[in-house]
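The residues making up each chain are set out below.
Protein chains: 2
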Amino acid sequence: VGLQFEQKLADLNNRLLVMSGLAEQAIQRAVECYQTRDLSLCDLVDHGERAIDHMEREIDEMATDLLATQHPLAHDLRFTLAVIKTNGNLERMGNAAASISNHVRRLQTFPLVNLPVDIPRMTSLARGTMRNALRAFIEADGDRAQSVLSVDGGMDRLHKTTYHSLSSLIERQSEVIPQALNTMMIAGSLWRVAGHARNIAEDVIFWVRGADVINHLQHAGNRWTTRNHR
Amino acid sequence: VGLQFEQKLADLNNRLLVMSGLAEQAIQRAVECYQTRDLSLCDLVDHGERAIDHMEREIDEMATDLLATQHPLAHDLRFTLAVIKTNGNLERMGNAAASISNHVRRLQTFPLVNLPVDIPRMTSLARGTMRNALRAFIEADGDRAQSVLSVDGGMDRLHKTTYHSLSSLIERQSEVIPQALNTMMIAGSLWRVAGHARNIAEDVIFWVRGADVINHLQHAGNRWTTRNHR
Chain E
26 VGLQFEQKLA DLNNRLLVMS GLAEQAIQRA VECYQTRDLS LCDLVDHGER
76 AIDHMEREID EMATDLLATQ HPLAHDLRFT LAVIKTNGNL ERMGNAAASI
126 SNHVRRLQTF PLVNLPVDIP RMTSLARGTM RNALRAFIEA DGDRAQSVLS
176 VDGGMDRLHK TTYHSLSSLI ERQSEVIPQA LNTMMIAGSL WRVAGHARNI
226 AEDVIFWVRG ADVINHLQHA GNRWTTRNHR
Chain Z
26 VGLQFEQKLA DLNNRLLVMS GLAEQAIQRA VECYQTRDLS LCDLVDHGER
76 AIDHMEREID EMATDLLATQ HPLAHDLRFT LAVIKTNGNL ERMGNAAASI
126 SNHVRRLQTF PLVNLPVDIP RMTSLARGTM RNALRAFIEA DGDRAQSVLS
176 VDGGMDRLHK TTYHSLSSLI ERQSEVIPQA LNTMMIAGSL WRVAGHARNI
226 AEDVIFWVRG ADVINHLQHA GNRWTTRNHR
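Sequence lines, in order, name chains E and Z. Numbered per the numbering used here, the first sequence finishes at 255, counting up by one with no gaps. Numbered per the numbering used here, the second sequence finishes at 255, counting up by one with no gaps.
Since the hints were derived computationally from the structure, they do not count as laboratory data. Please read all numbers here as calculations on a predicted model, not as lab measurements. Watch out, some of these pointers could steer you wrong.
Identical copies go unnamed one by one, so any copy, or any two together, can satisfy a pair.
What the hints assert, rightly or not - Okay, derived cross-link-like pairs now, SDA-like style, lysine to any residue, Cα gap no bigger than 25 Å in a straight line:
(1) Lys185 with Asp71
(2) Lys185 with Gln29
(3) Lys185 with Met210
(4) Lys33 with Val176
(5) Lys33 with Ala99
(6) Lys110 with Leu174
(7) Lys185 with Leu174
(8) Lys110 with Lys185
(9) Lys185 with Val43
(10) Lys33 with Arg130
(11) Lys110 with Arg156
(12) Lys185 with Glu74
(13) Lys33 with Ser199
(14) Lys185 with Gln95
(15) Lys185 with Arg75
(16) Lys185 with Ser175
(17) Lys33 with Leu137
(18) Lys185 with Gly73
(19) Lys110 with Leu140
(20) Lys185 with Asp78
(21) Lys185 with Leu64
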């Protein structure tokens, strides 16, 4: 039974990593579609969204089965619940990718113009936050998860700047309004991806640090020991 | 122990209802703030968001404790997991309310203008979806949850129409651009609230119908018996 338990935990962990790979790929493809205007990439994102939805349910069922048959306790129980929470956040990243793909399709019907927006930079910030949060998950690293929450890396500021630059462009150049609006929505989706990644970092903290510490999250500068899972 | 178990399940259920009340109130206040431009309501929304975040953690901890000490099975296990999932969706509604309040604050710095947008109608659709999903939760009613998913009630269409009306207004009347943009963001938040409510309906289905049926959700027209919780 001990071995079966370890195996089920490992399976759950592995499946969540596959899910995170799908979410990351979806974001990457959606942004590549934006950059290249190769709409076949948008099709891939839309197909991928269905695969992500399917895997979300599969992981929820694996976690439910593990809880029902193995009754994990303490650290393992919190890990299993963190998987369910992270699973939901990854699915939302898939939605964000689909929303980007949707707006790229609309963009494609208008002439290509230069806009005061740095989508590659926003992408790199979103993916950086995502990668850090997932690495914190993989390594059960509460300190890294904490750093994802405390270091915003400029995403909020960049999102605000982008919103304002595009707004004022819209006021000056009416011929690029559809392009500017759709691009504003794409920037908003990337900003939300970073938000979902921050939620994953919170899931990691819920898991590795437990109840007592969660309530003191606001005390910045605190350092707690990191526990490794398995 | 049986009594303690029933009590803990009831406590968890009650706390989630309080949480859903907070989320509903947040949306209501944010929209009232939009309609009356009484910014003290926005302040209440912002304070409320912190209360919602706090309660989200509290509910997650109650559910974790219940799983750790009572080892619920089958229907009760799925209920407890559905609480954790729904809890996350309610917190996101709180975020949406805060985002609306944020955009109302920006709107307030510009002259009031008439815009081709029906925020009361979008609000009523969002709150209707929310109320149906929560009622499905309270009554463990899978049929009702299913109807939340299958009847979209026109929200998607209204959201698209609003986006297009405001876009074309922006092209024609540059003097109302900031108002139109902020209102577009508010409409987007209400649309997302309805999306979170639909996610709650999915949580109810996960709970009351279990694994086998989830995989056949796409077969529309199917009717399953409703199981009542307790």
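Which numbered hints does this structure break?
-> Result: hints 2, 4, 8, 9, 10, 13, 14, 17, 19 break, sorted rising.
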